[in-house]
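Novice: Chain by chain, the residues:
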Amino acid sequence: MKNMIINNSLLPSLILTVLVMTLNVSISYAEKIVPEIDLTAGAITLSVTSITKNMSDNGEALEFWVFCASGTGGGRMCNSTTLPSPTLTLTPNSASDITLNMMMAPQEDGRMMMGGSTYSNPYIGHTIHLHGLDMETQYDGVPETFQAEPINNGSSVDLRNGFTYRINSDPDNIRVDDRYIGSHMYHCHVHTVKHLEMGMYGGFVVKGEGDKANWINNSGTRFDEEWIMMLSTVDPAYHTSAAQGDSDIFADYNPKYFLINGEEGNTETINPQLSKIVTLTQGQTKNLVIRLMGIHSTNAIFSITSGADRIPFTLYNIDGFALSTPRTETSVELSPGQTKDIMVTLDRSITYNPQIAFTDLRNNEPMSVQYSDGTVVSSIVKTELIVLQN
Amino acid sequence: MCHVDALYIQGMFVMNKLLIHSFIITLVVTMLSACGSGGDSPPESLPPESLPSEPLPSDIPQSSYSLFMQQGLVTITNSPDTNFGATTLSVWGFASSENPLAGTKVIPGTTINAEIGNSFTVSVKNNLSATHNFNIAKLPADEIQPAMGMPIAMGETVTYTITPTTPGIYLYDDSLNNGVNRSLGLFGVMIVRPEPIHGNVVWEGGPGYDKEVTWVITDMDYPNWNQIALSNGADQVDTTRYKANYFLMNGMNGFQAMQDDQTTIHGQVGETILVRIANAGQYSQSLHFHGNHFQVISRNGIQLSDFENQDTINVKPNETAMVLYTIDQTGHYPMHVHTAQLETGGGVYLNGTAAMIIGE
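First to last, the protein sequences are chains Z and U. Going by my numbering, the first sequence opens with residue 1, and the numbers climb by one from there. Going by my numbering, the second sequence opens with residue 391, and the numbers climb by one from there.
Derived from the structure by calculation, the hints contain no laboratory data. All values derive from a computational prediction rather than experimental measurement. Glycine included, every Cβ here is placed at the ideal spot set by N, Cα and C. Don't take each hint at face value.
Said to hold, decoys possible - A few chain U residues facing chain Z, derived, Cβ under 7 Å:
#1 D625
#2 T729
#3 E733
Stated by the list, open to error - Only part of the chain U face toward chain Z is listed, based on derived beta-carbon distances under 7 Å:
#4 D449
#5 Q452
#6 H678
#7 I692
#8 T734
Unchecked claim - Okay, the calculated bits of chain U under chain Z, using three or more residues with CB under 8 Å as the criterion:
#9 507-515
#10 651-661
#11 736-750
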């Protein structure tokens, strides 16, 4: 663990609260900070731990499972815990190892009841799927296609228990090269219908090496600031102990909470943790890349508004690969499993509302959810981008 | 939820080291592949060793096709991991024979194979109750006679003459009852290829490929649409609500589709596989490929010139797409819908939309 670098994660709290005063406005600002781990600096160990979040419908308490950077003691020794899990970064052609430590990991029960009898639940344990990196079968994290690899003493290690995932370990089969500069993800690939919902995901960003570190892809276009937006949806029923193994619950998905970076929001109130401030000096222009990562289970549409106006932006990458010709758009769709990197140019003091409309799989329209007190909440989640020019 | 230590977990998994490609399906498989397998063929227990290099007999364009609107069954098999999930779904379909034997596959309907410029006929007979129709989405009106969409009464046959001009994958269906008839299984695809003299190219002057597979995906709200339509009539279904609980790949649940040689992407390192995709369901399906990115070459019949690299493609209801997947490493990889609840069939994991990718 001595080589591990965790940016921002040593703070006692992950939430920074900043009061920004301008001539006319007072803004309470608390951007969600997710730890970032540089894999290029060396091998890391991830553990799994559980957290409880109180959701907006009358404080409904839900359990989530998250990956966290740890020492050797498992989930209890995590340096920090966030939803989503820490963002991992890597430079192209670099080799790195990620070991999953299962000690004290929350997981599904090993024995389940169905029809009055018990059965052995095959969906215990966890893996790490490096989504978008096109890994070899043995490091792909899919228990149905690869289960174990021999170790020195002749026995084997189960993929879901203490496995080491080796990136770019075979010089004859480098998987992550310059083409992959862009946004990807990682997540558990055990019983994904359950484990994605439980929160077992994080961002994975391939960054250029050295002076290419702020290239949006291998084309050379530079960014100045970046903002990850990890999309997810939550059906509380999927978080219950009844939703394990094979269950009728999984045949009836009813998303109730719509999250960006693990935080809720709706059209009436902008969650301060879904805000970001970018400062400019006089005459300065900055390019902000927004890394859209979809781990949700609905359709979704991203756009940026300012008042009644739709703000154009440029789409550079899809699924971590560069478009040959970047496209100017006023909205892009993001489906489950996709990533898209867009860039917007900031050149003056202004407030934008980047937003996600989580939409129905059938008609692609925003949804609405009724809370226990009768309140109807929209599935449109607005964020706030505050540009301040000194 | 439980909290257990690592040693316990390792012990628990000793009994669960089956690989997908070695699953032994012991269930009766009543849906057989569209290439004409006999009803008494044993189920496959291993993945395909290779795809045929020559066109399958079913891929050779015919001068005439007969489609019979029939009632049929889809047999959902158990998850070999949990032994749950087996059931039978009553459906409608465009069958290849009249009064098909029990177990004959009816969804997706018979695949129509065609070449640009060559005329052929499609006779559609309605062996169901009530009136139905026949449409091919995105097919220009002047390439089919008589006009699509005319009512086909019970017992009647309508014969169409089709002369396609644009290569691609087309979704055909019965469009009546606000999508209910299609949702119950009245759909299939027409594949139009360029003339053989151009070789294995998607369209004349377009990208080449080594092998091809076709994925027709769908979803079903079995209790609220199928069962109501079959007992009370398709016009009695409340179409304002829809909650799919089954998701099928080429008419199969996930554990069958992952064993099906005509569904599997299978080739040598360096080979490029053309994947034709059509979504006949009501839900968008976001399909995620492991192992490599692919190139999107066509969306909804529109041939693209700037092929984007993606690992996930969202195919909405009634939409089609064509992608090129190049195998660049050996191994076994899944393709699965990433919209997680669509990975299930009746709540049973991996019995939803899935396929296998095998590189050798």
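Novice: Which of the stated hints cannot be reconciled with the structure, identified by number in ascending sequence?
Specialist: 1, 4, 5, 7, 9, 10
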